[in-house]
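Working from the sequences, and respecting the hints, build out all of it.
2 protein chains.
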Amino acid sequence: MEKIGIGLLGYGTVGSGVGKLLKANAEDISLATGRPVELRRVLELPGFSSPDLDPALVTHDFEDIVGDPEIDVVIELIGGTGAARDFQLRALRAGKHVVTANKQLLGQHGAELLETAEQNGVHLRFEASSVGAVPIIKVLRESLVAAEVKTIFGIVNGTTNYMLSAMTETGADYADVLAEAQRLGYAETDPTDDVTGKDAAAKMAIMSSIAFHSRVNLADVAHEGITKVTAVDIAHGRRLGLVCKLLGVARLVDGAMNVRVYPAFIPVSHPLAGVSGAYNAVFLESAAFDKIMLYGPGAGSVPTASAVIGDVISVVNTAKGSFTHNCLCYKDRPFYPSDDVVSRFFLRIRVADRPGVLARVAAVFGEEGVNIQSMVQDGGGDAADLVFLLHPAREARFFAALERLLALDEVQGEPGVIRVEE
Amino acid sequence: MEKIGIGLLGYGTVGSGVGKLLKANAEDISLATGRPVELRRVLELPGFSSPDLDPALVTHDFEDIVGDPEIDVVIELIGGTGAARDFQLRALRAGKHVVTANKQLLGQHGAELLETAEQNGVHLRFEASSVGAVPIIKVLRESLVAAEVKTIFGIVNGTTNYMLSAMTETGADYADVLAEAQRLGYAETDPTDDVTGKDAAAKMAIMSSIAFHSRVNLADVAHEGITKVTAVDIAHGRRLGLVCKLLGVARLVDGAMNVRVYPAFIPVSHPLAGVSGAYNAVFLESAAFDKIMLYGPGAGSVPTASAVIGDVISVVNTAKGSFTHNCLCYKDRPFYPSDDVVSRFFLRIRVADRPGVLARVAAVFGEEGVNIQSMVQDGGGDAADLVFLLHPAREARFFAALERLLALDEVQGEPGVIRVEE
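Protein sequences appear in the order of chains A and B. Using our numbering, you'd call the opening residue of the first sequence number 1115 and step up by one each time. Using our numbering, you'd call the opening residue of the second sequence number 1115 and step up by one each time.
Treat the hints with caution; some may be incorrect.
Chain copies aren't distinguished; within one or between two, either way the pair holds.
As the list claims (entries may be wrong) - In silico PhoX-like links for lysine-lysine, alpha-carbon gap of 20 Å or less: (1) K1342 with K1134; (2) K1117 with K1342; (3) K1445 with K1137; (4) K1312 with K1342; (5) K1117 with K1312; (6) K1445 with K1264.
Note that these hints are calculated values from the structure, not bench results. Keep in mind it's a predicted model, so treat the numbers as computed, not measured.
Structure (structure tokens):
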């Protein structure tokens, strides 16, 4: 049987996991695909070196990989949107399948890459880009392709989930929890992509493109991170039976797409409330199957590598030249404006404790057509926290009310603004 | 583009769902596969008739389907192990792909059917046979094929899950809940396969064959159902923080397989404890990805039909003649005896309230090497319930102790015996 030749770009956390799994599971892969697998070359970037890697495999020149006719599949794990993009395009044009975990590249240049794969009759697979070891891309693109998924809703970033879990359990504030997460290796030295929601947004762009059959780019995904979530608001939510999670939410509204990432309160009884630490979980909703949930580790060397290997097996088992359906974006849906989305909000504002302040606040809500479900006043003396749970309202109305509230003389400091999902 | 011709066997609950989805999602299927899909023939069994079905499609002769060269995929939804087996074998031999939801047939004759598919270079797909709309077969056979799954653990029967949820919530006994479930359509008129665990056992046979790469037949799966679960034991469990679920449990122990179905107590905090009603959920464990959980509706017309359509798309997208890997049972693992499995037990026995009875009971446990974690005495007067939570022990030891206990003069009536999982 002809071997499957593999070229690996990058030998960091995930790359070394791939190397390890390829070796440990060589027999299973060979039995599953009918062909033995061979890691032929590993591209190491300048400044990196991997002492545990056979020096005969190492190259610093991409030509050694793209020019090797025995290499069928190129696994890109160097990340970023520069060299990685160039390497992926060249590999696809050379007729090689590409497997990647690069969510930012997919989120920003997915259309170009998928079209290039399509034109060259090869596969581009990216299971590891979305929810680590959880095979949500395969499920969406193969099992549920005709199921009209209407909603994707879940926890798709392990770092922020770990941090919010820690804030909830310990009552510590954002900065302290971040420092601790960095110390333990759950957050990177530069945590920007995670804490701003950009990482989650790229994943939501990829998943919603496939689920809705219409291109969603990273730039189309409005994202708020967890940087403004305070221990005070988490504690208030807890008293209301709510838990704070960073959610990715993609919805079809009247055939139009709204894809966002934001911190949200969910009831403690919600299945996502129990997803803690570095785990991810995603609900898919459809008229065809009501709801399906997939849960698993969101990152990590071996889980991510396991998703990469699954993709390698998948491309090898799907014959070259057969219908490749790399890009399932055969529809061209509009986007649904976030202003028009109907949402529930939790709002905490700090007010000077003067007579009539609550009446003035309530009047603003009334004039903007935002109804109050419950209000709790916390503290007293010079200033008090007013904590509102609001009824669902168009977001434009809520934000208009918020702007007017913040302009009131009595309102002080930063408000706490968190959506409430059910 | 060449059409995909479909022949459908059976037009009952799932069959009519398939007809509906094929029509409603014709465009999506065509765009996903590159080929339009055409339902060419529906085999109705004697005694059935479907007024909403185009009479031109209906046939009562399987020859009209197997002999039609335009039919590429035969969907078998008549169930049972008689005609269904014959039809599947003939369709496969005629070079047609087969998609089915027939778990009993797969569980009993899977090897024969998969070998026949293999020999004829066609696919046999059975996603709908296992956990309804949840694509666990695809995930196991494609995404996780090289991930060395060690454990499958979950709720795989919706009827019994609904019944146990109802018993827990209402305190009602088995017979009353069964009658109510039948009235509401959650349990069939003949509920035997569900309540005895046979339905769950067939699903566990199918899933563990794929996960462990070694054939597991229905006959290899010891199954206890929920017929002996009492409201009294559920209430005792509840006081101990435990919830009763019918679990399918497949484990690799030293490379050998132990696959079973039994009612078990799990902690209320366990993610499976919150899975109620007709939902199913399955945990997969592996060193490669720690654990993954898939959750969704376990049955129902449209969810099951959605899984069937996913399989149709999958076979069409996998080129004929490419490596078909229908049977992934390329290993030949032994079975691990249940007697040697180490389990924890909940045990309730009714004893005459005489002096020294607890000492005699405790002596039996001690002599058999089964240690008591906690004991609660409930009731008094003539007789009392002794409720034990035991430490993990070899099952052979526990059952030896149980036999001796039941032989004691003081022990009366039926004991409550339920495993405890964590």
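Exercise for review: Kindly indicate which numbered hints from before are broken by the structure, ordering the numbers from low to high.
Suggested key: Checked against the structure, the hints that fail are numbers 1, 2 and 5, while the rest are satisfied.
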